[in-house]
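Since chain A is already given, all that's left is putting chains B and C on it; use the hints.
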Amino acid sequence: MSTSFTSGRRLRRLVMTAVVALIAVVINLPLLNALNVSFKTDGEIATSPLAPAGHPTLEHFANALGAAGYDFPAFFANSTMIACGTVVLVLLVAVPSSYAVVRLGWGGRWVLSGVAALRLLPAIFFAVPFYLLFSFVGLLDTVAGLMLVNTFLNLPLAMVLLAAGLRDLPVQVEEAAAVDGASDYRILTSIVTPMLAPSLVAVSVLTFLFTWADYLFAVVVSTTRATPVTVGAANFVTSYGIRWGDVSAATLLSALVPIVFAVAAQRYLVSGLSMGAVKG
Amino acid sequence: MRVRRFTAAAIALVAMGGAAGCAGAAGGGSGAGGGTVQMVLWPGPEGDAMQKVVDAYNAGQGKKDGVTVKMTLLSRTDTFAKEATEMAAKSSSVDVYFTASYIVGQHAPSLDPIAGVDSSAYFPVAVDGLTYEGKLYGLPLDVSNHFLLYRKDLIDQLMSDAAWKAEYGKVSQEVVGKSLTPKPPADWNWDDFVAAAAFFTKKYNSGSPTTYGTALQAKNLLYNVMIWDDVLWSQGGSWLDSSGKPTLNSAAGKAAMSVYSTIYTKGLTSPDSAQAEFPETQAAMQSGNAAFALQWSAGYADLNSAEKSPKTAGKIGIAPVPGEQHKTHVHALAVGLNKYSKNKANAMKWLTYLATPAAMTTYAQAGGIPAMPSVLQAQQGTNPVFSSITDSIGTYGFAEPTLKNSFQAYSDLADALSGAWVGREPADAALAKADDALNRLSG
Amino acid sequence: MRTRWILGAPLLAFLVLLVAAPITYGVWTSLTRRTLSGTDAPFAGLANYGAVLGDSTFWHSLGFTAAFTAAVVVLEVPLGFGLALLVNQRLPGHRVLFTALLLPIMVAPSLLGVMFRLLLNGDIGALPALLAKFGVSVSLFDPSSVVPLLVVLDVLQWTPFTFLILYAGLQGVPADLYEAAAVDGASYVRTLRSVVAPVMGPVLASAAFLRAIDAFRTFDVVYVLTGGGPGTSTTTASIYIYKTAFTDGDFGIASAASVVLLLLLIGLVPVVVRRIVGKPGEGRR
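Chains as they are written, first to last, in numbering that gives the first Met the number 0: chain A, 0 to 279; chain B, 0 to 442; chain C, 0 to 284.
Same shape as in the complex, but just chain A (with noise of 0.2 Å):
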């Protein structure tokens, strides 16, 4: 009895593992699409959609990694710096702030509603502001200025999941602590943050993979210096046509960088799982 009980268990399981794949299949299929179109040449692009590459080229990844002319090497650099850059400089300020509004009650709900509010706001009607004050303040095309841009843009996101996750954690573990008298420094450095991990780990991720993907403000504040591979990319599609085989490897490329981002990720997320001490 026990034994058809696993079997069906494990069945179940299987089921729902290849529910699950299949989505993921279906999901991607933009990307397993430019996976193939990626290693055909421009003719079978042309007259062989569903077919695999004939005779594999790898010229469009070259065109994506610099042959075509463009400095991709410097824009992934570049996109890396910023994205790093922009989920440490988002912590530094999301998550103290974040502290003080649920824990603390700074501000009542206008700090957190005022922040979600800039997310409301068009990316448009901040563009030609932050050129004139970049310009202003000699930041223009630099990374660091990418990096300040896009903390702006993930900032109301941080904040609204770190207030998620913080009203989630049982507030009677940082009450004891207050009273064995730890400071509320220590109570968020020491008992908070490993708490709030894995919305940690959630709003670094996302502010990477959304800083990696951004595109309007890439292309307003940099013009040579601090192109990231988005904006590189999009040097394929031209006033003639597209470069399918080319922006396509490119594409495959730029979303490398955010792959071992997420996968180095999602083992703290895990591991914050396992461990159960963070249950509290």
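Derived from the structure by calculation, the hints contain no laboratory data. Please note that a few of the clues may not be correct.
What the hints assert, rightly or not - With a straight-line Cα cutoff of 30 Å, these simulated DSSO-like cross-link-like pairs (lysine-lysine) come out: (1) B/K201 / C/K132; (2) B/K314 / C/K132; (3) C/K132 / B/K307; (4) C/K132 / B/K310; (5) B/K265 / C/K132; (6) B/K202 / C/K132.
Claimed, not checked - Pair by pair, the computed Cβ-Cβ distance ranges are: (7) C/V151 / B/P208: 32 to 38 Å; (8) B/K151 / C/G134: 31 to 37 Å; (9) C/P41 / B/K310: 53 to 59 Å; (10) B/K69 / C/S55: 41 to 47 Å; (11) B/K310 / C/S55: 42 to 48 Å.
C-beta atoms are modelled at their ideal positions from N, C-alpha and C, and glycine is treated no differently.
Relative to the frame of chain A, chains B and C by itself:
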């Protein structure tokens, strides 16, 4: 313990890249100075060709001038958005802007007029298009116009095969309402265009080798308005009448609208054409799914290239845009001098070089379509389409009226007309909306 | 309490230095005739606001955006929650699945739009070719199906976002809650309803809220695929503002439209934030 280790790890994870990030963040300052001239252009054949000219200049004449040109490419849509931001901020970080006939009116307040250039070397229509309030604001670089690109193999068979001719008569009776005989594409009017499109559509002719006869570019996109304008002008229409009043809602406007909506609603083009522009039309031809299409001059070379279009290479013919009178929109892409540049003297040296036939020959050989007829003539061996371009622009070329804000006019017309092109909105209402938009902009 | 001001100081500094100035500039712009072609920007009072409020295309774009937002949020939050619950079962290979499920948000929306344009192309796209193999002929960009298509594409692209937030939220559900429910012999569904849902409330609310805000700003994929057409039928609020600013060169009107948009939506924010943060004073002190 474990909690702390986890915290440390999590912090290390985010700090890891952050440190690297901040380390690389140093450095600042903006704007070009000294002998470096900053130029913005868009990528594609023009950008690629211009890079060769830039390289040639930097290696040769630029050394004598003491000038180095640096070119930045941005994607097609972003080029103008980026320039808009720079201009709105009165920035000096770019010395030479990319501009075009259809946007020069908007750019003119931020540009210096180009002086000391022999404008008679260029197509007059290109110079006119870049002239705003009597002054030339853009140095012509590249010309674009339209052709009817068609499958020679299929049209040849239509002209010779008796069974096809008979079927053509039947199909044209059904779709156009009169029995027509096949004509060579250079002689087509719009009835011939529609009849041939139906003949090469499986729905009307099960023996058709292609699924659809043609591939319309009917997406809401300002460049697609330029193609539709060919139809409008060929019917004797225009944006404005002789007194400067909008006149789209007229017999010519309705006839032009009917050509598009007939083709779309009768299914002579793929339903997907509602969201099609240049690349989709190229794909329809390359895949062998369409027999002919109105297309930009730049599309011809790729469709005939064995490497890029194995199915159609060597089979693509070229003819003027159909109509009782053939008409083709012409615009020039150009470069202009930033009024707020701090580097104008050097920038002018570069522009002076760019105006030489030698520079434009380099440009033509690298894949561009220079706006200098003499260079196009001399370079006919480089690209067979050059002679067609010289003929078509000289004989059939027209330019839309230059408004203060032509770019917005095209965009507003696309908003107003694209729904009716695909039969989603009534033609009269759409044309009236288009007239309203022009009224606002020309008033 | 001084502590809370010290903890909040970085945020305050950031807001003052980087946010106050652009917003002031943007609001000022909305009151002037600032255009790309005009070198000066004369004061215009509320004329830009009048122009925006009187433009039927603006209102249509708001209506379209609101309907689009509602549709995608209603689909993406439950789908993301379902996925999070599934992956949270520690399925075999869940680490690979987790990463695979996040892939779509790793691609810049502007590039993903281009990838969709290729995948769905009727002549050279893989999806129509694949369906044709099964005898299904589709024209995905037909005007009558283009709106549902855009909704589906948004769901494909952004369900990973709600999935990630809700998956992280599930890690915060204490294991002993599940255990207590299991001891009670509660079914999985009842456990979900009585144990998981209450704890997940704020996280679900914030996922829906964040997704709604971003869906309301939808731009890239729609712009790449339809340009807002046919006509203006798929013009989102962001496309309207983008075209006004960068195609029309009319920064004054674009700014005014942004402010109108903000004013229309801002009333909703405190309501949602209350749901997420709870009543003030519910914290430690």
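For a quick check of understanding: which of the numbered hints are violated here, in increasing order?
none
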